[in-house]
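> Spelled out, the chains give:
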Amino acid sequence: MSEVKYSKEHEWIKLDGEEATIGITKHATEMLGDIVFAELPEKGSNVDKDGTAGVVESTKAASDVYTPVSGEVIDTNQMIVDDPSKINEDPEESAWFFKLKIKDKSEMDSLMSKEEYEKFAKETSA
Amino acid sequence: MNIKKTSLYNLHIKYGAKLVEFAGYQMPIQYKDGIIQEHKYTRSHSGIFDVSHMGQLFISGGDDLTNDLEKIFPADLKKLKTNQSKYSFLMNNKGGIQDDLIITKTSDGFLIILNAACKYNDYEVIKSKLDNQYKLNLDESLSLIALQGPEAKNVLNKVIPGCDSLKFMNGNNHVYKNEKVYITRSGYTGEDGFEISIKNSDAETFVESLIENGSKLIGLGARDTLRMEAGLCLYGNDLDNDTSPIEANLKWAIPKSRIETEFVGSEVLKNQFQSGVKKLRVGIKPDSKVIARGNTKIYNDKNQEIGKVTSGTFGPSVEHPIAMGYVDNSYSTVNTKIFLEVRGKKIPANICNLPFYKKNYVKGEINV
Chain A
1 MSEVKYSKEH EWIKLDGEEA TIGITKHATE MLGDIVFAEL PEKGSNVDKD
51 GTAGVVESTK AASDVYTPVS GEVIDTNQMI VDDPSKINED PEESAWFFKL
101 KIKDKSEMDS LMSKEEYEKF AKETSA
Chain B
127 MNIKKTSLYN LHIKYGAKLV EFAGYQMPIQ YKDGIIQEHK YTRSHSGIFD
177 VSHMGQLFIS GGDDLTNDLE KIFPADLKKL KTNQSKYSFL MNNKGGIQDD
227 LIITKTSDGF LIILNAACKY NDYEVIKSKL DNQYKLNLDE SLSLIALQGP
277 EAKNVLNKVI PGCDSLKFMN GNNHVYKNEK VYITRSGYTG EDGFEISIKN
327 SDAETFVESL IENGSKLIGL GARDTLRMEA GLCLYGNDLD NDTSPIEANL
377 KWAIPKSRIE TEFVGSEVLK NQFQSGVKKL RVGIKPDSKV IARGNTKIYN
427 DKNQEIGKVT SGTFGPSVEH PIAMGYVDNS YSTVNTKIFL EVRGKKIPAN
477 ICNLPFYKKN YVKGEINV
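Chains as they are written, first to last, in the numbering used here: chain A, 1 to 126; chain B, 127 to 494.
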């Protein structure tokens with residue numbers, strides 16, 4: 001069974017066996033506004049938990065995208081690079097950012113459940 | 127500091143504005159549709175901008191007013207006809223720009239529209255330079271509303287009949303609900319449009335009637351992308367105390383008749399006219415989709431720093447990143463290859479013509 005968890009940096013992560021799919025939350029896209037640029041990590045590179053693994057830019061500003069867990073980048077979503085507006089349209093499904101081969105599954109433990117994240121998002125944006 | 131609200135504050139809330147503090151005011155950065163939709167709606171229909179935070183300075187009294195104002199501003203005020211407007215500058219002695227502004231000749235003096243962040247300082251500077259001889263009124267009982275876009279004239283004409291006869295950079299008195307309003311045909315989006323100076327107490331109903339006639343409120347976010355596409359400067363980003371109008375590539379705003387005369391900063395300007403400038407404002411088009419924001423460093427092909435970006439964004443109508451900035455004058459020729467340092471990487475770009483977006487009044491024409 002796959003498990004979806006959330007980070008304080010507003011990323012979601014879905015773990016399927018060893019494969020983790022990562023993107024940014026709907027709440028994040030609402031805060032950012034219209035996204036016009038996305039930069040993703042290179043396939044084959046290694047990323048560390050809480051490290052920068054991409055960039056999104058709205059018309060107003062640039063924001064880093066962090067990885068909530070460590071691992072090797074095994075795939076990136078070219079669709080969002082070609083058409084960044086897809087991130088606003090479908091952030092938690094088709095507009096995922098990158099897939100990792102997770103290094104240490106225990107890194108998932110410190111992340112939030114959906115309920116915890118929704119509460120966190122509400123509190124921090126108030 | 128106490129954050130101020132404009133007379134349209136409640137309307138901003140009603141239409142779902144996301145508010146930010148700008149120049150001491152609570153201003154809408156965007157409404158529900160978001161910056162890109164608001165930008166495109168202005169280009170295709172019409173948009174309403176609350177610019178009431180800007181200063182409306184009325185100066186009157188005395189026969190020597192025009193002469194005395196020409197000692198301050200490099201505009202040809204003697205030639206200005208009543209209700210005609212000119213873009214000009216308040217400069218310091220070094221020729222640096224303290225503010226960029228629009229001067230309109232009124233029936234009894236002049237109206238100067240000032241940037242929000244500069245207006246109180248401008249007021250003091252102008253007052254002291256005029257030796258307190260004239261009546262100055264930075265009128266905060268008035269709101270200022272811009273209506274911009276191809277449908278602006280039709281929308282406004284339904285609410286205030288007759289305003290469509292105004293020519294660009296001209297104004298006139300009109301009547302709305304038995305009260306005097308002053309309308310100029312001007313704006314800062316690269317579109318046809320108007321700016322309406324109206325009593326605070328009438329501003330809300332006036333804007334509601336523009337909305338009823340098909341216009342939409344547009345936030346500061348889209349105002350910024352619109353003005354950048356139009357190649358227009360934002361004071362504090364693209365213009366500042368250390369930059370002259372010549373360096374800012376705004377030489378066209380200094381009439382030839384004034385170059386040999388005296389005004390604040392005239393010595394420096396005269397010198398720059400004769401000997402040229404070291405840095406120049408240019409348009410910049412990145413080759414890729416990477417956006418270079420203000421303060422991005424600019425390099426030549428030998429990796430030497432040659433300038434910096436002062437404004438940059440994604441242009442929703444040109445559908446490409448756009449930027450403007452200052453480069454060493456020897457790199458200011460159109461099509462010169464430059465490199466922008468974004469997140470540690472050197473991004474190739476070209477110097478390009480401004481504006482990025484040019485209106486031909488039949489159909490939008492894209493310049494990128």
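Don't read these hints as lab results, they were simulated from the structure. Glycine included, C-beta positions come from ideal geometry on N, C-alpha and C. Just so you know, not all the hints are guaranteed correct.
Said to hold, decoys possible - Computed beta-carbon distance windows for the label pairs: (1) 423/B to 104/A: 34 to 42 Å; (2) 461/B to 104/A: 47 to 55 Å; (3) 110/A to 171/B: 29 to 37 Å; (4) 90/A to 218/B: 51 to 59 Å.
What the hints assert, rightly or not - No more than 27 Å apart at the CA atoms, straight line, and that leaves these computed lysine-lysine pairs for DSSO-like: (5) 43/A to 144/B; (6) 144/B to 8/A; (7) 86/A to 415/B.
Unchecked claim - Over the 12 Å line for every Cβ pair with chain A, so calculated as not near, a few chain B residues: (8) 137; (9) 144; (10) 264; (11) 414; (12) 415; (13) 439; (14) 440; (15) 442.
> A separate judgement is required for each hint: does it hold in the structure or not?
Hint-by-hint comparison with the structure:
The hinted range of 34 to 42 Å is satisfied by residue 423/B and residue 104/A, whose Cβ atoms lie roughly 38 Å apart. The hint said 47 to 55 Å for the Cβ distance between residue 461/B and residue 104/A, and at roughly 51 Å that hint holds. Taking 29 to 37 Å as the suggested C-beta distance range, the pair residue 110/A and residue 171/B does not conform, at roughly 49 Å. With their beta carbons about 52 Å apart, residue 90/A and residue 218/B fall inside the hinted range of 51 to 59 Å.
For the proposed pair residue 43/A and residue 144/B, the alpha carbon gap of about 37 Å is over 27 Å, so the pair is violated. Pair hint residue 144/B plus residue 8/A holds up; C-alpha atoms about 22 Å apart against a cutoff of 27 Å. This hinted pair checks out: residue 86/A and residue 415/B have alpha carbons roughly 16 Å apart, not beyond 27 Å. With a least CB separation of 21 Å from chain A, residue 137/B remains clear of the 12 Å interface cut-off, as annotated.
Its beta-carbon lying about 8 Å from the closest one in chain A, residue 144/B breaks the requirement of being farther than 12 Å from that chain. Non-interface call for residue 264/B relative to chain A: holds, since the shortest CB-CB distance, roughly 30 Å, exceeds 12 Å. Annotated as non-interface, residue 414/B brings its C-beta within 12 Å of a C-beta of chain A; the closest such distance is 10 Å. Not every Cβ of chain A is farther than 12 Å from the Cβ of residue 415/B; the closest lies at roughly 6 Å, contradicting the non-interface assignment.
Chain A draws residue 439/B into its interface by the beta-carbon criterion, the shortest separation being 5 Å against a cut-off of 12 Å. With a cut of 12 Å on Cβ distances, residue 440/B falls inside the contact zone with chain A, its closest approach being about 4 Å. The Cβ of residue 442/B sits about 7 Å from the closest Cβ of chain A, inside the 12 Å cut-off, so the non-interface label is violated.
Checked against the numbered hints given earlier, this structure breaks hints 3, 5, 9, 11, 12, 13, 14 and 15; the rest are met.
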